[in-house]
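There are 4 protein chains.
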Amino acid sequence: MKEKDSIGVAFLGLGRMGETHLRNVASLSRVKVIAVADSNPQAAERGKAMSGAEVALTDVEKAIEHPAVDAVVIVTPTDTHAGLIEAAAHAGKAVFSEKPIALDLAETTRIVNTVRERKIPVQLGFMRRYDPGYARAKEKIVDGELGRIELFRALSRDTYPPKLEFLLGSGGIFLDLAVHDLDLARFLVGEVEEVHAWGGVLFDEKFSKAHDIDTAVTMLRFVNGALGVLETARHSNWGYDIRTEVAGAVGKVVVEAPQKTPILFAKDFGSRFDHFENFPDRFEAAYRLEMESFFSALLEGRPVSPGPEDALETLRLALAVRKSWQENRPVRISEIGV
Amino acid sequence: MKEKDSIGVAFLGLGRMGETHLRNVASLSRVKVIAVADSNPQAAERGKAMSGAEVALTDVEKAIEHPAVDAVVIVTPTDTHAGLIEAAAHAGKAVFSEKPIALDLAETTRIVNTVRERKIPVQLGFMRRYDPGYARAKEKIVDGELGRIELFRALSRDTYPPKLEFLLGSGGIFLDLAVHDLDLARFLVGEVEEVHAWGGVLFDEKFSKAHDIDTAVTMLRFVNGALGVLETARHSNWGYDIRTEVAGAVGKVVVEAPQKTPILFAKDFGSRFDHFENFPDRFEAAYRLEMESFFSALLEGRPVSPGPEDALETLRLALAVRKSWQENRPVRISEIGV
Amino acid sequence: MKEKDSIGVAFLGLGRMGETHLRNVASLSRVKVIAVADSNPQAAERGKAMSGAEVALTDVEKAIEHPAVDAVVIVTPTDTHAGLIEAAAHAGKAVFSEKPIALDLAETTRIVNTVRERKIPVQLGFMRRYDPGYARAKEKIVDGELGRIELFRALSRDTYPPKLEFLLGSGGIFLDLAVHDLDLARFLVGEVEEVHAWGGVLFDEKFSKAHDIDTAVTMLRFVNGALGVLETARHSNWGYDIRTEVAGAVGKVVVEAPQKTPILFAKDFGSRFDHFENFPDRFEAAYRLEMESFFSALLEGRPVSPGPEDALETLRLALAVRKSWQENRPVRISEIGV
Amino acid sequence: MKEKDSIGVAFLGLGRMGETHLRNVASLSRVKVIAVADSNPQAAERGKAMSGAEVALTDVEKAIEHPAVDAVVIVTPTDTHAGLIEAAAHAGKAVFSEKPIALDLAETTRIVNTVRERKIPVQLGFMRRYDPGYARAKEKIVDGELGRIELFRALSRDTYPPKLEFLLGSGGIFLDLAVHDLDLARFLVGEVEEVHAWGGVLFDEKFSKAHDIDTAVTMLRFVNGALGVLETARHSNWGYDIRTEVAGAVGKVVVEAPQKTPILFAKDFGSRFDHFENFPDRFEAAYRLEMESFFSALLEGRPVSPGPEDALETLRLALAVRKSWQENRPVRISEIGV
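Residue numbers (numbering that gives the first Met the number 0), protein chains in the order written: chain H, 0 to 337; chain P, 0 to 337; chain X, 0 to 337; chain D, 0 to 337.
It is possible that some hints are incorrect.
[Claimed, not checked] Selected chain H positions facing chain X (Cβ under 7 Å, derived; list incomplete): (1) F202; (2) V216; (3) M218; (4) R220; (5) L226; (6) W237.
These are computed hints drawn from the structure, not numbers from a lab.
C-beta atoms are modelled at their ideal positions from N, C-alpha and C, and glycine is treated no differently.
Please model the complete structure; the sequences and the hints are all you need to start from.
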């Protein structure tokens, strides 16, 4: 790739997450939002006003094809990602897409191949990799400051359980929520060889209706011999709770964001601090930084990351975990094929 | 004031702090940077590229007078603030200015009067009031959660000592650095009646050359009976160190930002976390939020804060502290007049 | 049981752990160390000097039978516990014994029955139950402050790997180290129904020689539906690392002891605090409090806890985890019988 | 001094603090409590039972003179300390005494001289010097890890205000409470040259009746050029609040004990941890360690510390601070003479 002076963007999808991303894109220099598109015309108009885009459209394909558009940002519903990435690839436009590419391996593989053939830069929204805590953990691991990795632990608790409607198309707790921890496992420790997951419905029968679970634990055996555990839950009365530990022969990193606000309040023989409410506040910097990284890579002609191959491997891992839960047995990743 | 649809901005001063502010202004919706101005033409051009401004100027007065400009943001050297606020006031433009208005009481009073007569919205850059920690502390105090305030403590340590050239025009440690803690004292506890300060040159003889000091302690006696202490120092080998405590009959708040990054690193029988390096990272959110607040107040026709009267009172307090140090005796604020 | 005025003690075993316990016993009022015994006569004499005991013996049986002895404290090697508890039971003396009773179920069951028949008060040294953190967690759970328990997580890292000689008689990582977390799981959440463990030798081939592992992860499925994970490791370059989390529908407790010493040291853009080195400093209070509780229960005629039935159930659970690792499959606790 | 095999102790004063000290003394090996004495015979008997002493007396002089007594521990009311230290000195017995020796300089000087002439080992109960946090801070300072000291800050808040009766004989807030911070200032930074204190009655008019104050701030100027501040208050709704910071050119130590118990409780979008209630729990280790240090020094023939000269200098400093408050002006320590 070669360097560019500026980048024209088609921004697709103006839901709540879309607005967050759009605000971040609009604040980047040398990046110009050309077109915003959403099937809801009011949402599209709101996006136009927020970003100063030239056009607001309800037809996302048209936005992709706009001649001033170099890159497409996809924040539409999950089941449209694959088609839009494909359309962008055929139009020769770079892509930032929210994860996942798709919920099944065949379609994801097809997109990976398409993108690879056409040499299109595609970055997926595994934003935790850009959180300053996780990024620093990765640096330390790469620099050998932890020594050989021995143990990985990840806890993810959503604050609010999703609606049944969302659940039905989500792929379930492992593809929708644990997938972030599985991506971190690969990012921080390496590829996984075998998994075993147990789960249950502990607080909300809605999950049963969706053939899903609200609480799960998973064991991971990494190719390099390290071992790991995941805890995954779909609600939290104390805020968005994301904790990750990587322990090695020499050192350990604990990535946690204890205090949302830099204040302690003391009263009645104790002190209290406040937690993050949900992903938009906990990962505010990560959302900003992944977008900055995507566009600065495009501007400077560097490769983007994490790309479709990463998304594919993380999906394969999540599918193995889901299969393990469904079949109530340990599953090797090598079992998961197209 | 009435509501507006959008605001045109003249942005004055493109030093390092200026760029931070410009990035924040440029990312606001319904705010359009019309003109950027800096005596250094390259800096002005860089600002134009960053913000998409229409014009880059070296003549700041011309930028103020641009017909599409509704508001002026002033991030120029301290000794130009008063003149530029005055020019903006005469041109009928709203103003956000870095603090201080001026380093002496007479000129500051003159500007306060001008602004008041012309009913111009003017906000000064005491950004700590917009830090989520200090803002939350203020809420708790206002809500009575601390009870009657008894003790105030503020520590401010700059990371790097300023250059001699800067020191000579800075007004000294109390007007340049302690002034932030003095503003917090007024913001969180109330007006001060009497002060006493001691200081010394403990680590850098450069401060002696500037008839200044690098380390100081100050006692405050508030009108409401509360007592306070300040510690102020011009260097820190462990990062930007800002700590504030307000204790009352019922509760206490401690505003501190312990960890820059959400990661702990354990090794050799201990854990380590990293500190903020300096004001741009410690107060990143505060700089963003003060600007958001200024422009959303203008757009919605609400008053801006903190205004020139606050800046005047805080200056008076800082002058009292400096006088106390210079004359080596307690000084009542009422001694400080034009 | 009826109340007593004072208690005479036979103290058996004067290794390092023995000295810690002896110091705690010797400082209790209304408790008098009558006899100390260790196969090493120097150790016995040292114990006599420390405690003011009347006699120092190398014959532990003689110490138990001393007519002034009401209670026996057993801190001898693991393979002697069962025999000594039995001897004390036959002599009608109360017992505090380090865990475990024995490493196999048959012998443990036999002792449990003997003790039950003879109505002897016996307390086992699962000291974590007496740590102020775990005790407070238990209170909160009992009081319903966490709501229905959903997830349990326990990490235990020893600081220094044991010697091969010790390993050979230890019962392995699950019976020797993870057993503390398994006891906590039962104490805090309830009985376990099924387990699955994976392990490996990651840092020290000595464990292979002992047919043991140095690193393990385990999943737990509790009878009440809650799920859990354990991480267990035999060395730590950053100190004794014990962390436990219990999350419920309403609240969560995290039991961790971050700082050994109440001091933070700031330097080079970061702060550092020191960790506990090993169990004697991390659980100093717990060792003291379990002994206080044992003797005050005897003095006041109250039952002691945790008793042999608890030790038996925790052993059964640990045996299930070990079997799961050995046979590389999930194991139900109901499979583990005499 | 020469080494000893064991030490016989007369223990004087069995109030609440006395019981804490007695428990610590009684648990030391090679230390035997011979006599306990308290004007209240029940208290004396309770002390005898706790410690296994040979005699319980109401006549403290008799206890000192007991031929088996080598050392005297004085935990009686403040106004008896000087007389009892003197009696012990004349009897040739070593002394551990709660601070202060006396509340006036003349009497303290007289005792210092007596003790010096008779070469009696005397240690005063400035227990904070033995707290693991303060001891570690001292080590780091001595080792040069902070570089040249620049700033000292100490906050001390009692939990519960004392009774009026106690206040009347206490010497006031500076001699009774701030004195601990003044001793730390000397211990950690060095001698003080000048002080200035302001105070007020902010929450309890009882202090006015005792011609005392409940809240104070103080500035310190050290001989070595460093500066300091104290905050001192007589009540706290959030527990015993003791914080100390020493900052130098290279590093900084913060001594604080944030959590009483190793548990965090998360609920309602925040976490809470509990504070120490008062000095007995916050300084539990310090009380134990100062006593261990006193007796092990006697047993090994080493000097004890802090001795009467330290107590005298700390008293002189506290008197200077009180005078500064009373006369509402800065006071040099050199003004304070017999």
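Taking the hints in turn, this is what the structure says about them:
For F202(H), the suggested interface contact is upheld, since its CB lies about 5 Å from the closest CB of chain X, less than 7 Å. Annotation: interface hint on V216(H) holds; nearest CB of chain X at approximately 5 Å, less than 7 Å. Annotation: interface hint on M218(H) holds; nearest CB of chain X at approximately 5 Å, less than 7 Å. Residue-level restraint check for R220(H) holds (minimum Cβ-Cβ distance to chain X is 6 Å; threshold 7 Å).
Interface hint at L226(H): satisfied, since its Cβ lies 5 Å from the closest Cβ of chain X, which is below the 7 Å cut-off. At about 6 Å, the closest approach between the beta carbon of W237(H) and any beta carbon in chain X falls short of 7 Å, and the interface hint on this residue holds.
Violated hints: none; the structure is consistent with every hint.
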